[in-house]
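Enquirer: For the sequence shown, position 133 (counting from the first letter as 1) is numbered 133 according to the UniProt record's numbering, and the numbering increases by one without interruption.
To be clear, the hints were calculated from the coordinates, so they are not data collected in a lab. Because the structure is a prediction, the values reported are computed rather than measured. Among the clues, some could well be false.
What the hints assert, rightly or not - With a Cα cut of at most 16 Å, we get these calculated EDC-like pairs of lysine to aspartate or glutamate:
1. K87 with D147
2. K191 with D73
3. K156 with D143
4. K56 with D73
5. K57 with E123
6. K56 with D137
7. K96 with D73
8. K191 with E226
9. K96 with D170
10. K156 with D170
11. K96 with D160
12. K87 with D73
13. K87 with D137
14. K191 with D95
15. K156 with E226
16. K191 with D147
Stated by the list, open to error - Across the chosen pairs, the derived CB separations fall in these ranges:
17. D73 with A136: 19 to 25 Å
18. K87 with E60: 32 to 38 Å
19. G79 with A220: 33 to 39 Å
20. L211 with S120: 33 to 39 Å
21. G110 with Q145: 38 to 44 Å
22. D224 with D73: 18 to 24 Å
We put the beta carbon where it would ideally sit given N, CA and C, even for glycine.
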Amino acid sequence: MKKKRHLILPILLFGFLLSGCNQKTEEKSSASSSNATSSPAKPAGVPVNIDPALAKKGEELYNQNCVFCHQADAIGKPGFAPSLTNKEFLSVSSDKFLLGTIRDGRPGTGMPPFSHLGRSQVEAIVAFLRSHSNEADISALVDAQPDAHGDPRLGKLWFDQICSTCHGFDGDGYSAGSTGTAIGKAGFLNKVSDGFIRYTIVNGRSNTRMLGFKGPAAMANLTDSEIDDIITYLRSVPSKS
1 MKKKRHLILP ILLFGFLLSG CNQKTEEKSS ASSSNATSSP AKPAGVPVNI
51 DPALAKKGEE LYNQNCVFCH QADAIGKPGF APSLTNKEFL SVSSDKFLLG
101 TIRDGRPGTG MPPFSHLGRS QVEAIVAFLR SHSNEADISA LVDAQPDAHG
151 DPRLGKLWFD QICSTCHGFD GDGYSAGSTG TAIGKAGFLN KVSDGFIRYT
201 IVNGRSNTRM LGFKGPAAMA NLTDSEIDDI ITYLRSVPSK S
């Protein structure tokens with residue numbers, strides 16, 4: 001009887017220890033799972049106030065100058081012209097960026113300059129575009145993000161494997177027969193911050209072919225450093241018009 005008691009005690013002790021280990025493993029697994037499924041936090045922006053009369057004027061100007069490429073309601077056409085009313089695009093685009101892009105166009109692409117319209121008419125078009133979204137303006141917060149300091153050699157590998165599928169091997173976009181925009185051209189890179197590019201890679205653009213590339217449900221779960229490698233590579237490519 002004594003012998004049995006001596007055997008039972010070590011068995012019970014081992015059982016308690018094993019139970020504790022399993023609990024810790026489950027807690028760790030649960031924490032890892034929680035971290036993996038959490039999506040990147042969206043910065044809080046400022047509400048956008050739109051003058052209805054200005055937006056109405058902008059709609060008329062849009063239909064006279066922009067609808068041929070960007071389609072009705074600025075929804076765009078894959079492989080031809082991008083959507084200008086996508087909520088992620090509008091929330092991350094500053095007025096300066098939108099005004100400058102309409103005014104100067106995108107050299108090396110099918111987007112011509114519209115400087116002949118004058119500032120007030122371009123502002124009206126911007127108001128019309130913004131009227132399509134009630135998202136807060138986060139452009140100031142996004143543009144204030146630090147510049148990317150990655151490895152351009154690694155960035156080229158990631159770009160060639162992932163981004164070139166839609167944007168072309170040199171980022172030439174539509175002109176190379178690609179479905180994505182010309183993100184490798186100076187006309188785009190000179191007007192956007194690294195934060196703008198970073199936010200777009202992470203979050204993608206809803207209702208377009210541009211999906212997010214960070215997170216377990218993303219097209220490719222890129223790390224922060226890998227995203228910065230891609231941005232650094234884009235910046236390192238010789239400027240193209």
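Enquirer: Now tell me if each hint is right for this structure.
Expert: Quick rundown of the hints versus the structure:
Between K87 and D147 the alpha-carbon distance is near 24 Å, which puts this suggested pair outside the 16 Å criterion. Taken as a hint, the K191 and D73 pair is broken in the structure, with Cα atoms around 24 Å apart against an allowance of 16 Å. Our distance criterion of 16 Å between C-alpha atoms is broken by K156 and D143, whose separation comes to about 23 Å. For the hint linking K56 to D73, the alpha-carbon distance of about 12 Å falls within 16 Å, and the restraint holds.
Annotation: proposed proximity of K57 to E123 holds, straight-line Cα distance about 10 Å (limit 16 Å). Pair hint K56 plus D137 does not hold up; C-alpha atoms about 21 Å apart against a cutoff of 16 Å. For the suggested pair K96 and D73, the alpha carbons sit about 22 Å apart, so the restraint of at most 16 Å is broken. For the hint pairing K191 with E226, the CA-to-CA distance comes to about 22 Å; that exceeds 16 Å, so the pair is violated.
Annotation: proposed proximity of K96 to D170 is violated, straight-line Cα distance about 27 Å (limit 16 Å). Taken as a hint, the K156 and D170 pair is honoured in the structure, with Cα atoms around 10 Å apart against an allowance of 16 Å. A hinted pair counts as satisfied when its Cα atoms are at most 16 Å apart, and K96 with D160 does not qualify at roughly 31 Å. Distance restraint check for K87 and D73: the Cα-Cα separation of roughly 13 Å lies within the 16 Å cut-off, and the hinted pair is therefore satisfied.
In summary, the hint linking K87 to D137 is supported, as the alpha carbons are separated by about 10 Å, within the 16 Å threshold. Between K191 and D95 the CA atoms are separated by roughly 12 Å; this keeps the pair inside 16 Å, and the hint holds. With a C-alpha separation of about 10 Å, the suggested pairing of K156 with E226 holds against the 16 Å cut-off. Proximity of K191 to D147 is assessed by CA-CA distance (about 14 Å); at most 16 Å being required, the pair is judged to hold.
Judged by the Cβ atoms, the range 19 to 25 Å given for D73 and A136 holds: they are separated by roughly 21 Å. The given range of 32 to 38 Å is broken by K87 and E60, whose C-beta atoms sit roughly 23 Å from each other. For G79 and A220, the Cβ-Cβ distance of about 22 Å falls outside the hinted range of 33 to 39 Å, so the restraint is violated. Remark: the range hint 33 to 39 Å for L211 to S120 is upheld by a beta-carbon distance near 37 Å.
Between G110 and Q145, the C-beta spacing of about 30 Å breaks the proposed range 38 to 44 Å. Range check, D224 to D73: Cβ separation about 35 Å, and the 18 to 24 Å hint is violated.
The structure fails hints 1, 2, 3, 6, 7, 8, 9, 11, 18, 19, 21, 22 (numbered hints given earlier, in ascending order).
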